[in-house]
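Chains A and B, in that order, give the protein sequences. Numbers 10 to 591, taken from my numbering, label the letters of the first sequence in order. Numbers 123 to 378, taken from my numbering, label the letters of the second sequence in order.
Don't read these hints as lab results, they were simulated from the structure. A quick note: this is a predicted structure, and the numbers were derived from the prediction, not measured. One or more of the hints may lead you astray.
Claimed, not checked - Selected chain B positions facing chain A (in silico; Cβ < 10 Å): (1) Pro216; (2) Leu299; (3) Pro342.
In this text, a Cβ means the ideal position worked out from N, Cα and C, and glycines have one as well.
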Amino acid sequence: MRQHAVVIGSGAGGATAAAVLARAGWQVTILEKGRNFFRGLDDPRGLSLPVFGGDEIRNHRFFPGMDTLAEPRTRRTPSEAEDGVERSFTGDVNALPATVGGGTTHWDAKVPRFWKLDFELASRLGPIEGADVVDWPFGYDALSPYYDAVERLLGVAGDLAQTPDFVLREAPRGAYPMPPGPPMYNALLFQEAGARLGYRVHPFPEAINSQPWDGRPACHNCGYCSGYGCPINARGGAAVTFLRRALLSGARLVTRAMVTRIGTDARGRATHVEVLATDRMTPTRIPADVVVLAASAVESARIAKLSAGPAHSDGLGNRSGRLGRTLCFHASTFAAGVMPQRLHAYRGRSSCMVLMESCQPISRWAGLSGVPWLRGGVSEIGGTTYLIDEALVYDGLPFVPRSQHKDWMRSSPLRDRMLGVQMLGEDLPQLANRVDLDPSVRDVWGVPVARVTYGLHRHEKLASLHWGLKLREILLAAGAEHAFFYPASLGLVENPTANNTRHMSGTLRMGAHPETSVTDEFGRIHDAPNVVVADSSVFPTAGAFNPTLTIMSVALRSATALAHGEAQARRGPLPLDPSAAA
Amino acid sequence: MDRRAFLRLARDLALVAWLPGEALATAVARAREGPGAFLSAAQLGTLRALCARFIPGPPDDPDPGALEADVPGYIDLMLGMFERSPVPLFAGGPFSFRDGGGKNAFAEFLELDAIDERVWRTRIEGSRGIPEREWNGPVVGLQEIYTTGLAQLERTSQRFFRRDFAELANWQAETLLRGATGDLREFLGVAFAHCAEGMYGPPEYGGNKNEVGWSYTHWPGDHQPGGYTPEQISRVDPDQTEAAARASATARARRS
Chain A
10 MRQHAVVIGS GAGGATAAAV LARAGWQVTI LEKGRNFFRG LDDPRGLSLP
60 VFGGDEIRNH RFFPGMDTLA EPRTRRTPSE AEDGVERSFT GDVNALPATV
110 GGGTTHWDAK VPRFWKLDFE LASRLGPIEG ADVVDWPFGY DALSPYYDAV
160 ERLLGVAGDL AQTPDFVLRE APRGAYPMPP GPPMYNALLF QEAGARLGYR
210 VHPFPEAINS QPWDGRPACH NCGYCSGYGC PINARGGAAV TFLRRALLSG
260 ARLVTRAMVT RIGTDARGRA THVEVLATDR MTPTRIPADV VVLAASAVES
310 ARIAKLSAGP AHSDGLGNRS GRLGRTLCFH ASTFAAGVMP QRLHAYRGRS
360 SCMVLMESCQ PISRWAGLSG VPWLRGGVSE IGGTTYLIDE ALVYDGLPFV
410 PRSQHKDWMR SSPLRDRMLG VQMLGEDLPQ LANRVDLDPS VRDVWGVPVA
460 RVTYGLHRHE KLASLHWGLK LREILLAAGA EHAFFYPASL GLVENPTANN
510 TRHMSGTLRM GAHPETSVTD EFGRIHDAPN VVVADSSVFP TAGAFNPTLT
560 IMSVALRSAT ALAHGEAQAR RGPLPLDPSA AA
Chain B
123 MDRRAFLRLA RDLALVAWLP GEALATAVAR AREGPGAFLS AAQLGTLRAL
173 CARFIPGPPD DPDPGALEAD VPGYIDLMLG MFERSPVPLF AGGPFSFRDG
223 GGKNAFAEFL ELDAIDERVW RTRIEGSRGI PEREWNGPVV GLQEIYTTGL
273 AQLERTSQRF FRRDFAELAN WQAETLLRGA TGDLREFLGV AFAHCAEGMY
323 GPPEYGGNKN EVGWSYTHWP GDHQPGGYTP EQISRVDPDQ TEAAARASAT
373 ARARRS
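Can you make the complete structure from the sequences, with help from the hints?
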């Protein structure tokens, strides 16, 4: 009889794993708690246009999820936790879209590779007090063929010739599948100013078609990119790239299926998944030979915690006590310059260039701070504020009275004249940063919600200050009348969404030892090996780059091991497309 | 001196408080009377006056404001969305074809499923003691937040100035709105956020009439499926060239 895999989550990791398993002839059921706003994902004749579009009100109404009333999360800091505070905030805590396609319905599809350094942080840079810095169980070379395969499937635009040598030394690669799209005016200004100061600002690798690819059209640069689903399917992603392949290979997608538990037998192996169908209050059981857990680093940890049972008394696979711990978000540093001229950053792909010098480790603060090395992260150039958001930004500034609202909207210093950069910094794993179940807050299905306990390490605060000042210098060199930056530590005070980013990782980390990790190098839970974790939960460290390409590549590797064995997985992926296989 | 320049000067000199308030009262009174989808005629009158204070239009400001955009209509329709079918919660997509072309998909609102409806009825109508709406205990709905907030605004106006909120002079309204504390202050925050949605969001939701919120802000709105040409993306717009030259000069000056 065919093996039956139940895949929890239809985002970057789940869709990728589902495509591999369905292609290998498995029976695959994909469970997604949200709705489906794509059209024709399973139509062999081709995709239809989706429901996504340039509608800012819909975004403010939590389309396509998570709705903070329906699915809140709670948050507190580690010191509040020590004082016995149950939660200090309820609402949007780093929420990701809860919908078919997951986070790739809101991404602007920036897909840099991790560096060799990201896999070898402990051995190359050494430990930092108060953080649990480790190496990954495999290195860049093991993942490289998977990066190649995922980039080809997604259709990645980039420019090898403009990529600096220091990047290629850390992430060696061949040519990109396609050239970059047209550069945005604001990014060109930053690139030119950066060059004068010695920075190699270059085209950001992105899964956005600059030419037709995989049956999808070239991007028309409409500007509703970051935060919005692509209205023409020009952006690759979990749904249009991987879920579509899974469905065409016979996988079944069930939407509005809220997983409440993974059931296990006396030996600890998974036997079934318990699911609440649309608005029904009694769960149904779906038997499974294998469960692929890919609901995001916060939600996967929540499901594992909900799955405590006789063989897993403290949550699924929690022998180490590490389940839900070492939660990382990227530490956001936002820098902005106000230019005299309008930059029309609303045209284009939200961000199209990147500064990667900020991903290199530095040691200059070592003596002063007691932190032996610092590392920022990828600095995304560009981005725009949308119009309703702009109005709310000014309303939140204490020095802008509401009576001056229209003057600010007219002169638009923080939208049309804003040259913005966001650095997404390495966030060191700390044991006290964790996900557990909130003792009393529930979601609309009546299930305990995830509680995030999170604080920044001194490393992130210092790295943010260091690079915030540098980024500000570049903005001034570009001609900004005013320039400022908003460090990670301030972001955390002001915004309960920890760190102002939606990147998350590390709650079911991979590792060789069951005493200090939850999953092995192929994502299998040490004590429940027929549960494969296929999202960024397994990342041992957060990396200094946008995570999704790596989520997909690691999921592809883990699913290859599951379907074709470890020996094949060590060689590389098998083709996903019938034509490529033939 | 043109009017806009005068307004700026007046604001900078903090003179704006002394401008007469009759213009606004007249504008509010001119707007249509009668109940809305949810709010009564009187509540709608107060809401109009509030929106006009948040985002004023002519003659207090040279560009159209919240009344011209029918922001009160947007907020009223949001509060009364469940009186309509299909429920105007999520506009359809992907294109409105505002830049020319085919059928406007934004105008066809998406069907809600059982969970959407339960969550949004709870948010709009409140939990009203219905067990399925109290997964985290009782919820005060937006309808109650608005009726209570508007009533409090009128009470406060009467107490301090013995006049309806719509009839306050500019300095009186400014004093009241800036000085608000507690629940009233919180309500004003909620109302401002909705006011921004109605002013600057897609017109299919009932606000931003004639796209007045997009014209004075130089915002193109949903520019699809046309998108932009490489030239429009990579180059400064012709009317901005002078400002761009100033930027390079600033940068050069900083370098030297």
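Against the structure, the hints:
1. Pro216: Holds: closest Cβ of chain A sits about 3 Å from Pro216/B, inside 10 Å.
2. Leu299: 7 Å, holds
3. Pro342: Cβ of Pro342/B sits 7 Å from chain A, so the hint holds.
Comparing the model with each earlier hint shows no violations; every hint is respected.
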